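Asker: Chain by chain, the residues:
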Amino acid sequence: MEINIIKKMLLAGSKSILENKQTLNDMNVFPIPDGDTGTNMDKTMSGIVKVLMDIGDRDLKPADFDELYKSALMNSQGNSGVILSQWLKGFLKALRDETELDPGNLDAAFISGTQSAYSAVADPVEGTFLTVCREAQEEAEDLFDEDTTVKDFMKNVVEGASMSLKNTPEKLAILKEYDVLDSGGMGFLCLVTGMLSALEEDFTYDFSEFDSLKPSFANGTAAGSDGEEFGYCTELIVKIDEDKLASFNADTVRLDMSSFGNSLVLVQDGRDLKIHIHTLKPEEILAYYHRFGEFQKLKIENMTLQHNENFLTAMQDCAIVAVADGDGIEKLYKSLGVKQIVRGGQSDNVSVQKLLDACTAASAKHIILLPNNKNIIMTAEKVRELCTDSVIHIVPTKSMAEGYCALSLIDCNANCDVIEKTMIESLNGVHTGFVSVADKTGTYNGVEVKAGDHIGVIDDDIIVCSANDPVTALIELTKHIPGIRDVESVTAFASTDVLVTHVQANITGIKNSCPDAEISAAYGGQGIYDLVVLYQ
Amino acid sequence: MGTFSIITDSTSDLSLELREKYGIDYCKMEFSEGDKNYHASLDWDEISYKEFYDSMRQGKRYKTVQVPVKTFDEKFREHLEKGNDILYIACSSGLSGSINTAKVISEELRSSYPGRKIICIDSLISGMGQGSMAIKAAEMQQEGKSIEETAYWLEENKLFFNQYGTVESLDYLKSAGRVTASSAFFGNLFAVKPILISDLEGHNLAVKKVKGRRSSLEELATMSAKYIVNPLDQTIYIGHADDEAAANATAEKIKELIPGAKTSLYVIGPIVGASVGPGTVIVFYYGKNKKEQLDGN
Chain A
1 MEINIIKKML LAGSKSILEN KQTLNDMNVF PIPDGDTGTN MDKTMSGIVK VLMDIGDRDL
61 KPADFDELYK SALMNSQGNS GVILSQWLKG FLKALRDETE LDPGNLDAAF ISGTQSAYSA
121 VADPVEGTFL TVCREAQEEA EDLFDEDTTV KDFMKNVVEG ASMSLKNTPE KLAILKEYDV
181 LDSGGMGFLC LVTGMLSALE EDFTYDFSEF DSLKPSFANG TAAGSDGEEF GYCTELIVKI
241 DEDKLASFNA DTVRLDMSSF GNSLVLVQDG RDLKIHIHTL KPEEILAYYH RFGEFQKLKI
301 ENMTLQHNEN FLTAMQDCAI VAVADGDGIE KLYKSLGVKQ IVRGGQSDNV SVQKLLDACT
361 AASAKHIILL PNNKNIIMTA EKVRELCTDS VIHIVPTKSM AEGYCALSLI DCNANCDVIE
421 KTMIESLNGV HTGFVSVADK TGTYNGVEVK AGDHIGVIDD DIIVCSANDP VTALIELTKH
481 IPGIRDVESV TAFASTDVLV THVQANITGI KNSCPDAEIS AAYGGQGIYD LVVLYQ
Chain B
537 MGTFSIITDS TSDLSLELRE KYGIDYCKME FSEGDKNYHA SLDWDEISYK EFYDSMRQGK
597 RYKTVQVPVK TFDEKFREHL EKGNDILYIA CSSGLSGSIN TAKVISEELR SSYPGRKIIC
657 IDSLISGMGQ GSMAIKAAEM QQEGKSIEET AYWLEENKLF FNQYGTVESL DYLKSAGRVT
717 ASSAFFGNLF AVKPILISDL EGHNLAVKKV KGRRSSLEEL ATMSAKYIVN PLDQTIYIGH
777 ADDEAAANAT AEKIKELIPG AKTSLYVIGP IVGASVGPGT VIVFYYGKNK KEQLDGN
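Going down the list, the sequences are from chains A and B. Per this note's numbering, the very first residue in the first sequence carries number 1; after that it's consecutive. Per this note's numbering, the very first residue in the second sequence carries number 537; after that it's consecutive.
These are computed hints drawn from the structure, not numbers from a lab. Treat the hints loosely; a few may be bogus.
What the hints assert, rightly or not - Taking lysine-lysine and the BS3-like style, the derived pairs with C-alpha atoms no more than 25 Å apart in a straight line are:
no.: 1; chain 1: A; residue 1: K70; chain 2: B; residue 2: K710
no.: 2; chain 1: B; residue 1: K744; chain 2: A; residue 2: K421
no.: 3; chain 1: A; residue 1: K331; chain 2: B; residue 2: K653
no.: 4; chain 1: A; residue 1: K93; chain 2: B; residue 2: K606
no.: 5; chain 1: B; residue 1: K606; chain 2: A; residue 2: K421
no.: 6; chain 1: B; residue 1: K606; chain 2: A; residue 2: K70
no.: 7; chain 1: A; residue 1: K50; chain 2: B; residue 2: K572
no.: 8; chain 1: B; residue 1: K747; chain 2: A; residue 2: K511
no.: 9; chain 1: A; residue 1: K479; chain 2: B; residue 2: K710
no.: 10; chain 1: B; residue 1: K606; chain 2: A; residue 2: K331
no.: 11; chain 1: A; residue 1: K479; chain 2: A; residue 2: K450
no.: 12; chain 1: B; residue 1: K572; chain 2: A; residue 2: K331
no.: 13; chain 1: B; residue 1: K744; chain 2: A; residue 2: K334
no.: 14; chain 1: B; residue 1: K747; chain 2: A; residue 2: K334
no.: 15; chain 1: A; residue 1: K334; chain 2: B; residue 2: K710
no.: 16; chain 1: A; residue 1: K374; chain 2: B; residue 2: K572
no.: 17; chain 1: A; residue 1: K70; chain 2: B; residue 2: K653
no.: 18; chain 1: B; residue 1: K606; chain 2: A; residue 2: K50
no.: 19; chain 1: B; residue 1: K762; chain 2: A; residue 2: K398
no.: 20; chain 1: A; residue 1: K176; chain 2: B; residue 2: K653
no.: 21; chain 1: B; residue 1: K747; chain 2: A; residue 2: K421
To be verified - Some, not all, of what chain B presents toward chain A, calculated at C-beta under 7 Å:
no.: 22; residue: K606
no.: 23; residue: T607
no.: 24; residue: K747
no.: 25; residue: P795
Small disclaimer: the values here were computed from a predicted structure and weren't measured. Ideal Cβ placement from N, Cα and C applies to all residues, glycine included.
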């Protein structure tokens, strides 16, 4: 094949990256999750396209390879862009003086690309672009034989890249945490997938559509998109018996394995054989390899379980269970790390059984229980006596506002003692105000109240004011909070969204009593109280 | 026989006055908002800092771009042409890829300028932590130290350049992807202020949460006073993203805890500013090893 085919391959690779730009941006979490991998890699390839446009239809000369690299580097941006430019450097340099492209020098170019990319990074991290470009070449070289054509080789590179990409979350923890594949590695897969497409008969070499191509997830060959995920991640190390070594053929085994599962990695080093495969029937894999020799090491993990595990279940030492009186509050608590919520509160007292069930469901050695209502503290104490699975620690929060306060300062991954201590300390000097509708007329605590009025209540049921609407009651109530001049923050949880807006519109009124405070309002969705307000 | 140029970048937040005083140059990063692109000038010559931070308060978000390849190429050539070697003190690799690009460019330039030295140092911090390293390099140069001696000292001592910061809202750092902490740590919070330090890899790490703005500023002062070393022999830099009153309050508190302390206030530059958001206050000082600071939190 003439070396000129490289022009087509590079253009097709550039197109493929352009088409997948947005997807690549969205996948970007490492090293800095700023969503620009696709943009960066596209910028680098745009440098290639510019030079290809200049070259046009004429034949490639060695100097063109230098120009292509230089332009890629000068146009590159961001980490991923620069690393790609360095891969291109190695790749192009290796082909610079060739007149023909054959599988042999193509393989050498991929090796050279890998080396160049690795040397661009001070501390190479695996599970990234680097891993994918290296393993893609290694896979293609493994499958290399005398019948391999350029197209076969590229197919194997794509296959290898795809396999390697699927494995990136195993190598780089942050990918697993976000449940994504590596974006730079995906970019490499796009590149080689494009390069392969240039070898098709019907490939047209033109630039017209280059800028107009819309970002879309166009390539069906992209990894992770082929749906079927196998159940058990199975890894074995087998010592092949001396007398079986001669009959062991890695290629045959590889072929057999395709019917057992996917994501196969098979490495043979003399008598040592290492296998990694995702399969639904690990027992068959064991039987298959046991014929050849003894297992040195075995590891089988259920990937479905792995997948369902979220970071909270990793915190088996300590879990938080809270009572929440409203959907807004429930959501808020969950966002702050509460594992189990029991709905209830002022309007609907919670039973011992319900609370106990929630603690059991939380399944942790230590459970921190937030009753979030005076009337539920007693219930919580009963639960502490009855619960045999876990040690229950009660942080006696008297309102859902105090519950928020206790949760707001903790790191829920810290150990139980630290969390409990932080919570208790955070409740020091905190007050809760309530606004609700009076159901009886009378005089309470020297305040005249008409049925239907909005009354303001502090901490221990002491009515301090009465007004026509909840926000006026809130402003009045605020004046009565002990030490109000020094309050740094006022957080109002409202029963409805409309009320949230009303509070936000009256921040100045509240601020008159506490000029330095930051005032926030949020939807709590609680019953009985129009407003539950935290002063701290 | 040439001397060496000290070059840093847009996250070093060095004012024109300091750059001129110490003869420090910098490579500009870039930032953009919609179709508008800006050079990240530390002198705010394309957009004023008021306009910049006010627009963020009104909901604008700026995307930042590391130092472009061309900028490095031109700036490094400019100094090499003058006959100088180059000591580049880069933004933390935990926050920007600039250092990697700089290394690649250095490799390229070596063939055009054989025998010349280009040394790139990963500061593992940003803001005046990075800026102070550049100043220290300039002082060592004035004492007659060679580029190697200076670079060696910086490598050995970079973990002693510390920060304590607090932000008005974590939203900016979260959307810029430039802070480390679990998602529950970042749940929906009202009036709770995170305290941020720089970790061993140069990431911003949220180490604790404090109730209220005033308490968070006091925390910065208290923690800085706890971890600072030789407090009277250095300038403590207090950067603020358009909240001078808060920076002043922090400075007052520091002076209360360390009588005679020298503090200097400055406005946080556009790149750090775009990531941390308006209202941020960060204290930079030379102190105990970052590791001690991490263990203590």
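Asker: Tell me the numbers of any earlier hints that the structure contravenes, in ascending order.
Answerer: Those not satisfied are hints 1, 3, 5, 9, 10, 12, 16, 19, 20, 23, 25.
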